[in-house]
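Novice: The hints should help you fit chain R onto chain B, whose structure is shown.
Taken in sequence, the protein lines are chains B and R.
Per the working numbering, residue 1 is the first one in the first sequence, and the count goes up by one each step.
Per the working numbering, residue 1 is the first one in the second sequence, and the count goes up by one each step.
If you are wondering where the hints come from, they were derived from the structure by calculation, not from laboratory data.
Since the structure is predicted, the reported quantities are computational estimates derived from the model, not experimental observations.
Keep in mind that the hints are not guaranteed to be accurate.
As the list claims (entries may be wrong) - Output of the computed footprint for chain B on chain R, the stretches with three or more beta carbons under 8 angstroms from beta carbons of chain B:
| hint | stretch |
| --- | --- |
| 1 | 111–122 |
| 2 | 156–167 |
Said to hold, decoys possible - So, partial list: chain B residues that the calculated Cβ filter (under 7 angstroms) puts toward chain R:
| hint | residue |
| --- | --- |
| 3 | A81 |
| 4 | R84 |
| 5 | D175 |
| 6 | S203 |
| 7 | V212 |
| 8 | A224 |
Stated by the list, open to error - The following residues of chain R were derived to be distant from chain B, with all beta-carbon distances above 12 angstroms:
| hint | residue |
| --- | --- |
| 9 | A23 |
| 10 | T29 |
| 11 | W33 |
| 12 | P70 |
| 13 | W79 |
| 14 | D92 |
| 15 | A101 |
| 16 | V172 |
Ideal Cβ positions, reconstructed from N, Cα and C, are used throughout, including at glycine.
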Amino acid sequence: MNVLEMRDVTREHGAGQSLVHALRGVSLAVRPGEFVAVMGPSGSGKSTLLTLAGGLDAPTSGTVVVEGVDVGGLRRAGLAALRRRSIGYVFQDLNLIPSLTAVENVMLPRELDGVRARRARREALSALADLGLADLAGRFPEDMSGGQQQRVAIARALAGDRRLVLADEPTGALDSRTGEDVMRLLRSRCTEGAACLMVTHESRHAAWADRVVFLRDGEIIDSAGRSVPESLLEGTA
Amino acid sequence: MSIRHGLLALLSQGPRYGYQLRAEFESSTGATWPLNIGQVYSTLARLERDELITRVGADDEGRFVYRITPAGEEDVRAWFATPVVRADRPRDELAIKMALAVTTPGVDVRTVVQTQRAATLRSLQDLTRLKAGAPDDAVEPGEHAWRLVLESMIFRAEAEVRWLDHCEAYMVRVRPVDAPPAAPVAADDAESAEAQR
Numbered sequence: 001m002n003v004l005e006m007r008d009v010t011r012e013h014g015a016g017q018s019l020v021h022a023l024r025g026v027s028l029a030v031r032p033g034e035f036v037a038v039m040g041p042s043g044s045g046k047s048t049l050l051t052l053a054g055g056l057d058a059p060t061s062g063t064v065v066v067e068g069v070d071v072g073g074l075r076r077a078g079l080a081a082l083r084r085r086s087i088g089y090v091f092q093d094l095n096l097i098p099s100l101t102a103v104e105n106v107m108l109p110r111e112l113d114g115v116r117a118r119r120a121r122r123e124a125l126s127a128l129a130d131l132g133l134a135d136l137a138g139r140f141p142e143d144m145s146g147g148q149q150q151r152v153a154i155a156r157a158l159a160g161d162r163r164l165v166l167a168d169e170p171t172g173a174l175d176s177r178t179g180e181d182v183m184r185l186l187r188s189r190c191t192e193g194a195a196c197l198m199v200t201h202e203s204r205h206a207a208w209a210d211r212v213v214f215l216r217d218g219e220i221i222d223s224a225g226r227s228v229p230e231s232l233l234e235g236t237a
Numbered sequence: 001m002s003i004r005h006g007l008l009a010l011l012s013q014g015p016r017y018g019y020q021l022r023a024e025f026e027s028s029t030g031a032t033w034p035l036n037i038g039q040v041y042s043t044l045a046r047l048e049r050d051e052l053i054t055r056v057g058a059d060d061e062g063r064f065v066y067r068i069t070p071a072g073e074e075d076v077r078a079w080f081a082t083p084v085v086r087a088d089r090p091r092d093e094l095a096i097k098m099a100l101a102v103t104t105p106g107v108d109v110r111t112v113v114q115t116q117r118a119a120t121l122r123s124l125q126d127l128t129r130l131k132a133g134a135p136d137d138a139v140e141p142g143e144h145a146w147r148l149v150l151e152s153m154i155f156r157a158e159a160e161v162r163w164l165d166h167c168e169a170y171m172v173r174v175r176p177v178d179a180p181p182a183a184p185v186a187a188d189d190a191e192s193a194e195a196q197r
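Here chain B stands alone, though its shape is the one from the complex (with noise of 0.2 angstroms):
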């Protein structure tokens, strides 16, 4: 089973003359293991594509499953728990909270979820160390430099056993070492079992993913790599 599956989803904002076609028809699967880059120019839907992938943004048409739950036909309570159990976000917009600790920053989505403290806690910790974090764990964001927050920002996402990565332009505030480093989560992420959807401009980066997917004037014009081998797919299906 697709983790993702995008059938033929659009998005227009506007109406009338105003009408901007952000997204059309766009078609799109992730398999558990597969880690998915998307490039294209400014304006071509990139971040549109993912934020109605993590259910934050209705389609005009089409539909969105994840984990074979039409996200669609959710109630608001139905699709937060699912944000929050099988979906992880690392958006440009960090959204540390500043009176919480790095620690507690990334123990919030799991304790709201109704994981226990401790565990929430030892998640949270393994996430951080992963990310070359763990001495920074009881610090305020403020106390961070941008790139320490971006990264604790990315162990929220990665914490826990998301199935569900989505990522917009992740490794925008790290220097190149670090930003490999994080590649290789993503990549070593994949590898456990989870799917990564993540837009990037640095062709370096979408170079870590299986397939990158070209986006120009909100339609998907082409696809580079190789899909992930049968010898992966069998037993997760």
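Specialist: Here is chain R on its own, set in the frame of chain B:
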């Protein structure tokens, strides 16, 4: 760049057999530049003729050991001290293809750009897989050398994609409504062209 300077640089580290030079050259370039043994010996013959190396003794199987001469040492020093001049490299076919795509009627520049971009990204993916598979904490000098060569190819591919992005953006800017002559203009395209203006 020449095999000649590569072999000479290896010989500046000490005398070596021909087959040794081939193995070391390939490992330090991560097997990205495979040499056949014939190339190695013909290059060595030229270096010997130019008195940059000499043959010293042979093993039981009649294989020679080569040693660098003072003139050869000087040549290596000069090579490292001299920047590589880009004009010395073969002309860039892609740049020429793009230039002609822009001026040849009936050629859709965006398609040419995208075809190349997808191909370059595919090779970038292959290079990245090689890098991902290599240990991050290499100890062997050969592994460092390979890593650097690999990354130079990654940077070059990345630069090519950026340049292609630039070409596309530039063409959209200078010819915003110029649709490929063969393709009919759909209603949607007309709308988006209007939105761009």
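Novice: Quick one: which hint numbers does this structure break? Sort them smallest to largest.
Specialist: Structure breaks hints 3, 4, 5, 16.
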